[in-house]
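Between the sequences and the hints, there should be enough to build the whole structure, so can you do that?
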Amino acid sequence: MDDTVHRHAPGRAPARRQLAAGVAAILVLMGCAFVLPRWLLFVGTMAASHGVVTLGIVLMMRGGVVSFGQGLVFAAGGYAAALAGMYWGLSDALLLVAIGGIGAVVIAAPFAPLLSRYRGIFFAMLTLALSMVLYGILVKTTALGGSDGFNLSRPTFFGIGVEADQGNFAMYLLAVAVTGLLGLAARVYFDSTRGLVALAVRENELRVEYLGASVRRLLATDYIIAAFLGGVGGALTVLALGHVEPNFSYWTTSGEFVFLAILAGHHSVAAVFVAALLLELVRSFSALYFPNTWQLALGLFLLVVIRFLPMGIGSLWSRRPAARPASTGPTA
Amino acid sequence: MTAPILEARSLSKSFGAVVAATDVSIDVPQGQRVSLIGSNGAGKTTFVNMVTGYLKPDAGQILLDGRDITRLSPRQVTRLGVARSFQIPQLAAELSVLDNMLVAAACNAGAPSFLRPARTPEAIDAALAILERFDLAGHAGRPVRELPGGVRKLLDIAMALVGKPRLLLLDEPTSGVSVDEKFPMMDTIASAIADAEIAVLFVEHDMDIVTRYSDRVVAFYSGRIIADDRPEAVLADEQVQLYVTGRRKHA
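First to last, the protein sequences are chains A and B.
Here the numbering used here is used: the first residue of the first sequence is 3, the next is one more, and so on.
Here the numbering used here is used: the first residue of the second sequence is 11, the next is one more, and so on.
Worth flagging that the hints you see were computed from the coordinates, not collected in a lab.
Every residue, glycine too, gets a C-beta built ideally from N, C-alpha and C.
A hint or two may mislead.
What the hints assert, rightly or not - Cβ-Cβ distance ranges computed for the label pairs, FRET-style:
id	chain 1	residue 1	chain 2	residue 2	range
1	B	A121	A	F36	28 to 38 Å
2	B	L125	A	G122	48 to 58 Å
3	B	R126	A	L302	51 to 61 Å
4	A	A179	B	A200	56 to 66 Å
5	A	M127	B	E242	32 to 42 Å
Stated by the list, open to error - Chain B regions said to be covered by chain A (calculated; three or more residues, Cβ under 8 Å):
id	region
6	76–87
7	106–115
8	123–134
9	176–182
To be verified - So the derived list for chain A, only partly shown, Cβ under 7 Å to chain B, looks like this:
id	residue
10	Q20
11	L21
12	G163
13	V164
14	D167
15	Q168
16	Y191
17	R196
18	L198
19	A202
20	N206
21	L208
22	R209
23	Y212
24	G214
25	A215
Now the structure itself:
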């Protein structure tokens, strides 16, 4: 992130350089698909798709609110993609992912104006309540498989059907490309005038209103953007697993995304995906070597991060604008 | 005489049994510097809050350039060219001084954009230019939470000026500032508000500052205006001396 005050620094384009680095990182990660073992590709797919859901929470956190109910849009996106595959016969993975994002927006958008009136624990609990309502509905809907959910057939990729052993490979490439591009878009947003105003909303809503911007509109829009991201993440997850179930909307799922958001902090987009990858790795290895204790490992991990990196693991590499001593101008 | 930019007509406001404004009427022409005086609870801040849309009067009308703004929100009033500063500075404490200014610029340029970068060299230059008028440019990179109170007060006013308002309301600009610093601070503010067209209303308790920096003084007592005239005349008024300034008559 660009922080210091450079008045006359010609030829400096940090934003563009940062985006170029982001594109390069995405390409490298996609290139990794050719060398990494298949199980690790699956872990990467899960990290990317859970990371993009978390990115939505981080986006809201920048405006000062935390959703404890992203399971709502995660499940909405997952079910939307799965149902579009089942009833409309669609099989193109990218199309299904887009349907997931849009489906989540359709479900979440009506609540955005209401939610934008609440802050803090009330916002968190209301979003949680909405996700649990969806959970309740999904569990009771036998047409959708009830609490077991249902399976869906393997997607195609741009008209090409893939064999079973190529599935992980193709899903990984798609997940990295889609979530990577959304991550870059988020970076553009965070560095924009609107992104900066969101940071001010986090600290002083009254002033932002008195400067002429609508705080509620900003928070409502952020919630809808986060819904899209959550829906995309849900759809990617469902396509990778080949299965969808009401647990997507259960509160522990939502809690995991909040966990990731706190782990990552709200200053770095890359940190969100790094946090998601760490979580998936811890989960895989704990499940392998210490069955049923991986929550313990996660708890300790979070404790250490909160104690030593209160701004999240993103603070390891992205310094905050305010954290640097003044380096400019005549000292008054 | 130019047409008034602000016309407050018979504003009344009460909070339960507490009457904060009764029949308050003020016309402010372009460019006038008006100080609002009165003891605590006299209705000065209530008046500022009604003009800026934070409070809706129970009765009466507020016109800006002849347009009714009585029922508008602070956001809408701001967009019409009214800005205010606060008795307790309202800033984003974790952001730098410069970023606070850029927030003000971003809000002012219509709806903030998803795509327009916030920290362009042009935006930074424009923000620094205003900060320089307030002698704040040296603090630009510092987070607001590290700044002393007087600097925060100035930044609060600097942010209000970003939107090039035509009417500026300052709620106790020198409160919390030491006696020695009050005059230098008012000098800074007066010269920073370079545009003589801006009408400025400021709430103030220090009568020396009132005398030196205003064209006109409006004295409030118990929700009513008890005097409205040139500073010398208002400060000589018997009621004002009794209820506001507390100065005894000499002879």
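Now the hints, each set against the structure:
no., hint, verdict
1, B:A121 to A:F36: 28 to 38 Å, "violated (45 Å)"
2, B:L125 to A:G122: 48 to 58 Å, "violated (30 Å)"
3, B:R126 to A:L302: 51 to 61 Å, "violated (43 Å)"
4, A:A179 to B:A200: 56 to 66 Å, "holds (58 Å)"
5, A:M127 to B:E242: 32 to 42 Å, "violated (60 Å)"
6, 76–87, "holds (count 3)"
7, 106–115, "holds (count 8)"
8, 123–134, "holds (count 9)"
9, 176–182, "violated (count 0)"
10, Q20, "violated (11 Å)"
11, L21, "violated (11 Å)"
12, G163, "violated (37 Å)"
13, V164, "violated (35 Å)"
14, D167, "violated (41 Å)"
15, Q168, "violated (37 Å)"
16, Y191, "holds (5 Å)"
17, R196, "holds (4 Å)"
18, L198, "holds (4 Å)"
19, A202, "holds (4 Å)"
20, N206, "holds (5 Å)"
21, L208, "holds (6 Å)"
22, R209, "holds (4 Å)"
23, Y212, "holds (5 Å)"
24, G214, "holds (4 Å)"
25, A215, "holds (4 Å)"
In summary, the structure is inconsistent with hints 1, 2, 3, 5, 9, 10, 11, 12, 13, 14, 15 from the numbered list given earlier, while agreeing with the others.
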